Every structure is written in C-alpha cells, then in structure tokens.
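One-letter residues, chain by chain:
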Amino acid sequence: MDDQTREPDLIEIERYELFSGPAYNFAFDRRQFMKVFSGGIALIIPLSRVIARGAELEQQQGESGRGAFNRRLPNEIGAWIHIDQEGGITVYTGKVEFGQDIRTSLTQAVADELHAPVAQIRIVMGDTDLTPYDAGTFGSRTTPAMAPQLRKAAAAARELLIDLAAKQLNVERDTVQILNACFVNHDATKSLSFAEVTKGERLVKVIPEDVATTPVSEWRIAGTSLRKVDGRNFVTGKHLYNSDLKRPGMLHARVVRPSSFNATLVSADTKAAEAMAGVKLVRDGDFLAVAAPSQAVVFRAAGTIKAEWKSTPQSSNSELFDLLKKPVTGEGQRRGGGPRVQGSIKDGLAAADKQIEQSYTVAYIAHAPLEPRAAVAEWQDTKLTVWTGTQRPFGVRSELAEAFRLPEESIRVIVPDTGSGYGGKHSGECAIEAARIARATGQPVRLVWSREEEFTWAYFRPAGVIEIKSGVRNDGKITAWEFHNYNSGGSAIQGRYDIANQHLQFHPAESPLRQGSYRALAATANHFARESHMDELAHAVKIDPLQFRLLNSSDERLRAVLQTAAKAFGWGGRNMPSGRGAGIACGFEKGGFVATCAEVAVERKTGKVDIIRLVEAFECGAVVNPDHLKNQVEGSIVMGLGGALFERIEFENGKILNSRFSRYRVPRFSDVPPIEVVILDRKDLPSAGAGETPIVGVAPAIGNAIFAATGVRLRSLPMVPEGVALSSS
Amino acid sequence: MQRTTSLTVNNKKLRVEADPDATLLSVLRNDLELTGSKYGCGEGECGACTVLIDGQPAKSCVTRLRQVSGKRITTIEGLEQNGRLHPLQEAFLEFDALQCGFCTSGMIMAGVALLNKNSQPGTEEIVRSMNGNICRCCTYPRIVAAIERASRATREGS
Chain U
1 MDDQTREPDL IEIERYELFS GPAYNFAFDR RQFMKVFSGG IALIIPLSRV
51 IARGAELEQQ QGESGRGAFN RRLPNEIGAW IHIDQEGGIT VYTGKVEFGQ
101 DIRTSLTQAV ADELHAPVAQ IRIVMGDTDL TPYDAGTFGS RTTPAMAPQL
151 RKAAAAAREL LIDLAAKQLN VERDTVQILN ACFVNHDATK SLSFAEVTKG
201 ERLVKVIPED VATTPVSEWR IAGTSLRKVD GRNFVTGKHL YNSDLKRPGM
251 LHARVVRPSS FNATLVSADT KAAEAMAGVK LVRDGDFLAV AAPSQAVVFR
301 AAGTIKAEWK STPQSSNSEL FDLLKKPVTG EGQRRGGGPR VQGSIKDGLA
351 AADKQIEQSY TVAYIAHAPL EPRAAVAEWQ DTKLTVWTGT QRPFGVRSEL
401 AEAFRLPEES IRVIVPDTGS GYGGKHSGEC AIEAARIARA TGQPVRLVWS
451 REEEFTWAYF RPAGVIEIKS GVRNDGKITA WEFHNYNSGG SAIQGRYDIA
501 NQHLQFHPAE SPLRQGSYRA LAATANHFAR ESHMDELAHA VKIDPLQFRL
551 LNSSDERLRA VLQTAAKAFG WGGRNMPSGR GAGIACGFEK GGFVATCAEV
601 AVERKTGKVD IIRLVEAFEC GAVVNPDHLK NQVEGSIVMG LGGALFERIE
651 FENGKILNSR FSRYRVPRFS DVPPIEVVIL DRKDLPSAGA GETPIVGVAP
701 AIGNAIFAAT GVRLRSLPMV PEGVALSSS
Chain D
1001 MQRTTSLTVN NKKLRVEADP DATLLSVLRN DLELTGSKYG CGEGECGACT
1051 VLIDGQPAKS CVTRLRQVSG KRITTIEGLE QNGRLHPLQE AFLEFDALQC
1101 GFCTSGMIMA GVALLNKNSQ PGTEEIVRSM NGNICRCCTY PRIVAAIERA
1151 SRATREGS
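Chains as they are written, first to last, in the numbering used here: chain U, 1 to 729; chain D, 1001 to 1158.
Honestly, the hints are just simulated from the structure, not real lab data.
Small disclaimer: the values here were computed from a predicted structure and weren't measured.
A virtual CB, placed ideally from N, CA and C, is assigned to each residue, including glycine.
One or more of the hints may lead you astray.
[Claimed, not checked] Taking beta-carbon pairs under 8 Å as the criterion, some of the chain U residues facing chain D (in silico):
#1 T90
#2 Y92
#3 T236
#4 A296
#5 T418
#6 S420
#7 S450
#8 W571
#9 G572
#10 N575
#11 G635
#12 V638
#13 L657
#14 N658
#15 V666
#16 S670
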C-alpha cells in the first residue's frame, strides 16, 4: 500500500453530462495540424465516449484522488502542503471554490492541525499543474473527503516539523509545543518560526497511514464561524473572476451559435465581418466564431454574419413526459442499474387497507449561475493553458486533450474562484471553444458566454416522471412501496422509511435536452414525489403527517430532524385560519438529514399562493463552520423555492424559449419568506457536506401545505409556474 | 466610430476614446479596467452591473456611453475611502452576505444607493429597492440584514 485508503465513494450515478459531452470534433487545418502535432496522432474518438469511459472508471474507483485513469492520491506531504521561506503555508487541493466557502472551511481544517494562524494559510485550488488530481467538486464531497485528507497531510506535516524543531532546538521531542505560530521548548525560552524550521524545503515525508488528526472535541478553528477568508476581495470588487482575466495580446471572442440544437452549418456570409479591422474568423466544420481585440468589435462583427443552418424537427415541452417514459435500449438502459427489490409488492398491497397510485413530474430547470461560462485560453507552441470556471478542472483537461489530440501533460487548467455553478459547470465546452479560437488566431483568447448562451448551450437539471404505487394499513403502517423514476435520476430513490415490500427503479430515457448535475441531483425530484405521496397516504388513513412519518421510520437521525423542525415550527399547535395550511417533509441524502415545515396562504378567488414562513432542521454531523453552514442551508431553501414554484425551461423544436432572466424567473428578494434554520450539531458524527441536501424538503413541504390549505394536490414541479394562479386540476 | 466622451469615474475626470454606443459596463470593464461591475444578463434584469450615475443606481449593461457624458459614475472600486470600507461593505463581511460573490458588487451599489436616499429604510423598502438584483446563491436574507446593519452603523456613526 503506497496510497491512502479512503471511504467508499458515493458518486452520483446520474451525472448525465459525463455521458453526453460537447459534440466538437475539430478537423483543424490538416497541414497546420501535422506541423504542430507531428507524431502520436490518435484516432478521433467521439468525446462523449471518452468522457463516459472516464466516468465509469471514476465510479469504479472513487472520486477524490485515485479516480479516473488510475490516478493515485499522492501520499507525500509536500504534494498537499508547502511552507515557504517566509513561513507562508500553501495548501494544494484540486477542489474549487464556487461559493460553498470551502476555501474557508479547508483553511480551518489545516489551521487546526498545524496550530497555525488562519492568515498564514493560503490555498491553491483547482490548478492541474499544481494540485493533486481530483475528479471534481460535486456530490458534497469536500467536507467528508477532502477536509480529512488535508487534515492528515497537515497533521503529518506538524509531526515532521516538531521532529525538525526538536533537533534544531536540541531538546526532547515531546517537550516541543506550537505556540503563537512558533515551535517552542518546555518553558518557551527557545523558539523557532515555521520558516526557520523548514527553510522553504519541500516536505518530502510520506503521510503515515495512521497519522492522528485532531478529534472534533479539540477543534479550535473548525467548529467556529470563521468569516470568508478572502471576503474583502469580494466586497471591494477586486477578486478576479474568470471573466475578468486578461492576458497580453488577448482577443475577445464570440461563437456564432446555430439556430437550434442539432443543426449543421450550410453556409455563412462572413464578408462584412472579415472587412472589419482586426476581426478574425474561425471556422471548423459547424463551429463558427469571431475574434477581435475589442469586445465591442467582436459583437458588431458577429452581428453582421448571415449563417444558414439546417436542422431536423425536434420535440417540445408539450410531449416531454410521454417522451421520457419511452423505453431505451442498449447502453442507455444499463445506466439504470436495474430495480432494487425487497419483499413482494403483491403481498404488500394485499395486506393494505388503502392503496394509492400516483404520478409526479418535474420540469427541466436551469442552474443559471450568475457568472456565465467563461474561459481564457493561451497556447505556447503545443502547451495549452486555460483558465476556466469548471467544477472538474482535471475532467476539462481530459476534454481538451481529446479535442486537440494532446497529451494531458501539455495542458494546464486553472480555475479562479468562480461565480457559482450548482452542478451546472462540470463540462468544458467553453474552454474547448476558447482554445480552438486561440489555436486558430495564434493569440490568447477570452470567451465569455452570454446569458442566452448559458441558458441554451449548457445543460439542465433533468426533467422526470415519477410513478408511485403504495399500500397502507389503517393503523398507518405502509405495507408496499413501488417507485419508478423516469429520467430524472436515482439519487435518494431509497427513502428512510421501514417498508417491508419495496420495488425501486430508475429508468434512463433519451432526454430531448442536454442534461446533467444540479444541486442535490434527482434527490429533489425523488423527495418531492416520495414526501408528497407520504402526505397523500397520511391523509388517506387520517393520521397527522408528522405522526405518520414517525410511525414509519425508526431512523433516529431522521426522527430527530423531524421532531426538531416540528417543534420550532409549532406543528399542530394551533388551528390555521381558512385558506392557510401547514406542510411537512423530510429526507436524507449525501450524509445530511433534513426536515422542512411550510406555512402557506392561498387566496381562494385568485389562487395566489403566499409562503408565510419556512422552518428547516438540518443535521450533517459535526459542524465545521456554523454560520457558513447556515448560509448554505438558507441559500438552498430559497433556491429550492424557484424549482418548487416557478422555474421551468420551455422549449420547442430544438429552441429554448425562455433563455433570459426576463423570461425565466428565479427567486428574488420579494420571494423570500421568513425562514428559520435549526442546525443540529452532532459532534459525535463525521462531518458531511451541506451544499445540496437542504434543498430537497422545500418543494414537498410547500406542496403539502397547499393541500392542507385548499384540498388541491399539486403533483408537478413547478407547482405554480405563473407565480399566482393555483391550478385547480 | 470611436469618439471622445468625458465623464467622471470614482472622482477621476476621464476622457474615454470609445464607441458612444458601447455599453457603460463594457467601457468600465474593458477600457477602464474596472472589472468589479459584472456582466450577468445584458438586459438589466440581474443587477450585477449596478453602478451609481450621479448618485442614482443604474444598470450599466443597458446604459450607453453616450448617455453618461459629463456625468459622475461611482463603481464598487470607488466605495473604499483611504483604506476604509463603506459601512455596507463592512456589513456584507460581518453577515457573510455572499457566497460566490458575483452579485456582490451590484448588490452593494444598489444598497448604497438606497441608503443614500433613505438612511433608515424599512424591510419592505429594502426588498422593493433591491428586487432588481439577483443573487443566484440566494443569500437574500443576509443581504437585507447587512443593509439594516449598515443603516444602523451610519446612524450611530454620524
């Protein structure tokens, strides 16, 4: 064993975008290509297949570190931590900062282990030349996997430094302590700084398998609400996002997009654009782009191009849910992984007093990260450097290697702290486009997608159909549970209820739109369906929805969040006035337990729905940063309101119809009700990630509250897409 | 197409050689290297590009350079005075009223405009005034709290 053992991976199986990569298959200019890349030219493999292969390997081998292509997690301290001659501590991780505040939480972990001040620590993130391999920042894995890894490296560094300090101070090793960022002897009469101990040398020692990290009870920096470590750069506008970066001689660029999905370029009249000073045209197959030294010129030039595209008829919103239920064959079918069966549905239904069969749907929604995709690409001979805001820097490096038939060693991907992603920035299409334009123009290129491009050419949270058939006894015991998810995914398909007879199955489909990860993935859809259905069962046997859940779950952690949320909310404590209702929902995903209560008011005449208040209890083990955790929970709840109430991508014949914020409504200040978040800090349990799971309870809690207020059951997300009208069907 | 436009940016008088039809956002970001104002939508819907024009909040992505000739522009870079942050910047830090931070410049500028107009806005007025700014990380409750804190800080400090 020369590498780290790690806990089994919990990678999500429905990361579709890994199976449907961007369709670029550049031809290049053959002569230039031969000249530049003489030797070692591989066959052109469709990108999607390569990415899929990587995904399979990642699923087999784990996410962080020893991931795709047999990469191993480095076991040398120096790969993770370096102390420079001034005593500055630099930490290296392939994770990226998109607003989760992991730059802060990981700093806390290292500060604890090294007994070093936070200000002395700097983290280099997501740089494929500098940081150890990492499959990507997704699946809420930073806190449960990367933080312990960095703790181990830092603890090993600490022990090594104490060894060195003892020698230099000429004292017994066990008398050396770290006080105020210095190594001191027993009475602190002798002292050495971090810099004096290491003298800038690389820490070459192997991290011992059994290195002891600081137990939660002895955390000093972790467990506190440390503020965002580089917050000042953000409130002053100084932080440079990808779209702010400049390189000497850099051109701005714009891609001329097809008129619809799956279109091919028939002809393009580019004369006017080419006549403009400084404008360069790039065409490679169906790829057409413009570059120029000024952004204004690029936009003007792109506007003059008359391109003719050919496309075939494509499907639309109206037929979506029928499409998703069409069986798929071959590779697509295998992605489903078959049913999970326990007991017998037939027997379970036979034992039931009541049976319910219902269908639920969720729409495609957009991540709409406020910073659209952006990339700066620069070639030096055959070495390519790309700065881009991706959640998978190493994955995007593979995509670039494939697109340009380069060895990965020739490519460096650097991810500046980015303007959010929510699972929406796993793929490297913008990086590839920028690199292609830079290759053709011979100059560095910055490409920033427009909002319309981000809404159209990225990918969406999968739409889905969920069908549930269940049986329940009059005493409240659920006897049968058959659950089919079509297309949206298998995340959290398994609930935490004790049901003897279950049949759970995820059915992949041919999605008419490009789809991929989204905050909590399919857990949102599966919880919406499951927790709405639980409410239907509770009402069918006339048992209070909270009691009904407690009756059917012996999971102590789930029960704890349910009871905590109910208590904070005042569940069942008072009669609601007419037109008001309360709803509850709970769940588990990615190591976190959540329960959400909602109170809504529905205006009878107009159907206008007002969310009066929301209460959420969340538990994810030992809390690393209470305030940042609360920030994530609050953010998840409010973001969840969008998907619950009004967010929906509309499409027709290969076109997105609402590709702007003026047509695609996201939550705003006025949509935010009073929210109470209760965090349960379980110091006895390992810390889990928290950026995703808090979103899953919002939609079903609201749906159940709307039912309580009106007797109308809404089984489609978004529930009130027009924002006011409550469907009475 | 290039023409000279005179304007004052963050208290500096400038003559900008640019297309008068270019957006103010593009001029700030590309010609003046003031990248704190962000592009988020290009249609004035998200507020990431918010700046002050003669003290009034404006979406610089839908404002043309020709419209601001002779005017005073304040961007996020102009808020800090002699190394001292504006009380609202301090409050954003205190309340961690951000996650990814991409909306933050625009949020702070819209908030500053509100506080300049009314140093004691109520919650409803805050929500109404800020509703043109999107925080996709949805830190809205914290932004409201930060504006309320800055309002108190300004009152107590003056």
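So, going through the hints one by one against the coordinates:
no.	hint	result
1	T90	violated (22 Å)
2	Y92	violated (22 Å)
3	T236	holds (6 Å)
4	A296	holds (5 Å)
5	T418	holds (7 Å)
6	S420	holds (4 Å)
7	S450	holds (6 Å)
8	W571	violated (22 Å)
9	G572	violated (26 Å)
10	N575	violated (28 Å)
11	G635	holds (4 Å)
12	V638	holds (3 Å)
13	L657	violated (16 Å)
14	N658	violated (12 Å)
15	V666	holds (6 Å)
16	S670	holds (5 Å)
Hint compliance for this structure: hints 1, 2, 8, 9, 10, 13, 14 are not met, and every other hint is.
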